[in-house]
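**Student:** Based on the provided sequences and hints, a complete structural model is requested.
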Amino acid sequence: MSATDPAMQIVLILLSFAATFVLSANSSDPILDLGYTKYQGYYNASSDVNTFNGIYYARPGGRWLPPVDIELNNNYSSLRTINATDFGNQCVWGITPFYGPESFPPVGTEDCLLLNIQVPAHPQSDNLPILLQIHGGGYIKNNADANPADFLIKQSNGSIVYVSIQYRLGIYGFLSSSEIKQNGVANVGLLDQRAAIQWTQRNARAFGGDPNKITITGGSAGGGSVVSGVSNPPFRAVIAEYPWMQPFKNASTLEAQYRFLLDAAACSDLACLRGLSIESLANATQMVYNEAYNAPGGYGYGDFYFGPAVDGDIIRDLPSNEFKNGHFTKVALLVDRDGYEGVAFSNKTMGNSTEEQVADILSIFPYAKQSFINRLFELYPQSAYNSTFFRRAQWFGDFIIECPTYYMASAAADYGLPSYKLMFYAGTELHSATFPYLYATNNEGTYMANDTIGIYMKDWFLSFITHLDPNAVSYSGVEKPFWPAYNNGSSFNSMQVNFTEIGVVQDYDASPQCDFFHGQSNVARS
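Under this note's numbering, the letters of the sequence shown match residues 1 to 526, in that order.
Simulated from the structure, these hints should not be mistaken for laboratory data. Remember, it's a predicted structure, so these values are computed and weren't measured experimentally. Among the hints, erroneous ones may be present.
Stated by the list, open to error - With a straight-line Cα cutoff of 30 Å, these simulated DSBU-like cross-link-like pairs (lysine-lysine) come out:
| # | residue 1 | residue 2 |
| --- | --- | --- |
| 1 | Lys-154 | Lys-480 |
| 2 | Lys-38 | Lys-181 |
| 3 | Lys-154 | Lys-38 |
Unchecked claim - The following label-pair restraints were derived from C-beta to C-beta distances:
| # | residue 1 | residue 2 | range |
| --- | --- | --- | --- |
| 4 | Ala-510 | Pro-481 | 31 to 37 Å |
| 5 | Asn-321 | Lys-369 | 46 to 52 Å |
| 6 | Ala-271 | Thr-354 | 17 to 23 Å |
| 7 | Ser-252 | Thr-354 | 26 to 32 Å |
| 8 | Ser-103 | Asn-44 | 30 to 36 Å |
| 9 | Asp-311 | Val-358 | 27 to 33 Å |
| 10 | Lys-369 | Ala-121 | 57 to 63 Å |
| 11 | Tyr-42 | Lys-369 | 56 to 62 Å |
| 12 | Gln-506 | Ser-231 | 54 to 60 Å |
| 13 | Arg-202 | Ala-45 | 17 to 23 Å |
| 14 | Asn-44 | Asp-515 | 46 to 52 Å |
| 15 | Val-358 | Tyr-42 | 53 to 59 Å |
| 16 | Gln-506 | Ala-359 | 22 to 28 Å |
Each residue gets a CB set at the ideal place from its N, CA and C atoms; glycine is no exception.
**Tutor:** As structure tokens, this is what we get:
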């Protein structure tokens, strides 16, 4: 590989970073000493939190190749201090036509295997539980900077450390054709996530964290990412927020994705893709989203197209089958979902005719037979909804998010693991409605219409992070309703939150609709 090769350019950018972006540390600013290098962060007096942004946890091993640990693969000097006050590079984004607007070249770069760390300036101990965030965005967009946890840490009274990571997205992280499998790694974005978790475990002591008390969390695609089959995980608990479980693609669709990329890049093979300039490949990736939308072998409204796929190694089988067979990581689980998950991912302009509705169903379930469509319409009769739009939003939200929370909570409970589920009907009640109640300060205008809910939510989640039980500690000192474990005897206990009532109900998703989808895993493979 020559120094003019684009893949080599990525490595050179990384290795030169420390030599060019260095400054003398001011004694009044927090310093993170990792042994192999140092970072200077900044102090936020309003939250009493020290923040370190843009920390490399790995370097790119090359396009569609595993990440390489940073500790032994850098030219850092332990005598120099790197500025970590600004956010680092984002990974290359993709934008689907239904989610727009697009940009050329897309946002981001390939030199992006970074994480941010937030530490209480006055910690309760030097060995704190760690919350590690895997960001959402349909596996094609967003970054580690989206969910700063200043106010979550503040309410904890200095009882947790927070790490937020990013990983390769879209075609960079989730290209899974046969040629990729023969000459690279499918699902390499998931390997990035694992590398970040392992880096956190290795280096936890340096920033006051306990490597044996890591809870991984994520919302949407981040919530889907924490569904793992690791037998000896480097974490002890999972918080899956509104987990996005879009259909896994079958082999023919994965090959079609790859062909779309070859055509968009004017390439004939993987070697050509690896030789493209950074900007050329980025532009080609956005063209794929545009051209594959509604094309044969493409994708429909609400599907972000790229994402994890069964490869027989990192992912051995469809998640629904893995839960049925007990092939998931056996750790404590807290899972939630919002009230109306499918609304943001349904087309408000879709017509009311049966033909248009069937075409939409087939864009998500291209191998569905007429019996599947008939049963779907029986379970979601038009008479139960105000419009075709809300009918579609309900079944799509059930299939993608709401039903998977039932599968996850019940599977964990069946194995005797601490398992808790929450259904959230406050805020917008739409996808990601819990976000401001956990990561924003209490009482923030339209988002935080109820200050009490924000206090409750932070307390519950913090108690789970520190004690694996949302009831164990009240960091705010406020008394809250008791949140029972999911399967206490024969019931499916869920905490429900809305603007007028907070209390325990039976899981709405333990339903014929979710049982139907759970039995249709092969149809769900688009």
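**Student:** Would you mind marking each hint as holding or not holding in the structure?
**Tutor:** We went through each hint and held it up to the structure:
Of the supplied pair hints, the one linking Lys-154 and Lys-480 holds, its CA atoms being roughly 19 Å apart against a limit of 30 Å. Restraint check for Lys-38 and Lys-181: the C-alpha separation of about 37 Å exceeds 30 Å, so the hint is violated. Between the alpha carbons of Lys-154 and Lys-38 the distance comes to roughly 25 Å, so the proposed pair stays at or under 30 Å and holds. Distance hint check: the CB atoms of Ala-510 and Pro-481 are about 20 Å apart, inconsistent with the given range 31 to 37 Å.
For Asn-321 and Lys-369, the hinted distance range of 46 to 52 Å is not satisfied, since their beta carbons lie about 20 Å from each other. At roughly 48 Å, the beta-carbon separation of Ala-271 and Thr-354 lies outside the given 17 to 23 Å, and the hint is violated. At about 27 Å, the beta-carbon gap between Ser-252 and Thr-354 stays in the expected band of 26 to 32 Å. Distance hint check: the CB atoms of Ser-103 and Asn-44 are about 31 Å apart, consistent with the given range 30 to 36 Å.
A C-beta distance of roughly 32 Å is found between Asp-311 and Val-358, which places it inside the suggested range of 27 to 33 Å. Between Lys-369 and Ala-121 the beta carbon distance is about 60 Å. The supplied range of 57 to 63 Å therefore holds. Checked against the hint of 56 to 62 Å, the C-beta distance between Tyr-42 and Lys-369 comes to roughly 58 Å, which is consistent with it. Checked against the given bound of 54 to 60 Å, the beta carbons of Gln-506 and Ser-231, roughly 32 Å apart, lie outside it.
Remark: the range hint 17 to 23 Å for Arg-202 to Ala-45 is contradicted by a beta-carbon distance near 31 Å. The hinted window of 46 to 52 Å between Asn-44 and Asp-515 holds, with their beta carbons roughly 47 Å apart. Distance hint for Val-358 and Tyr-42: a CB-CB separation of about 55 Å, consistent with the stated range 53 to 59 Å. Here the CB-CB span from Gln-506 to Ala-359 is close to 36 Å, at odds with the stated 22 to 28 Å.
In this structure, the hints that do not hold are numbers 2, 4, 5, 6, 12, 13, 16, in rising order.
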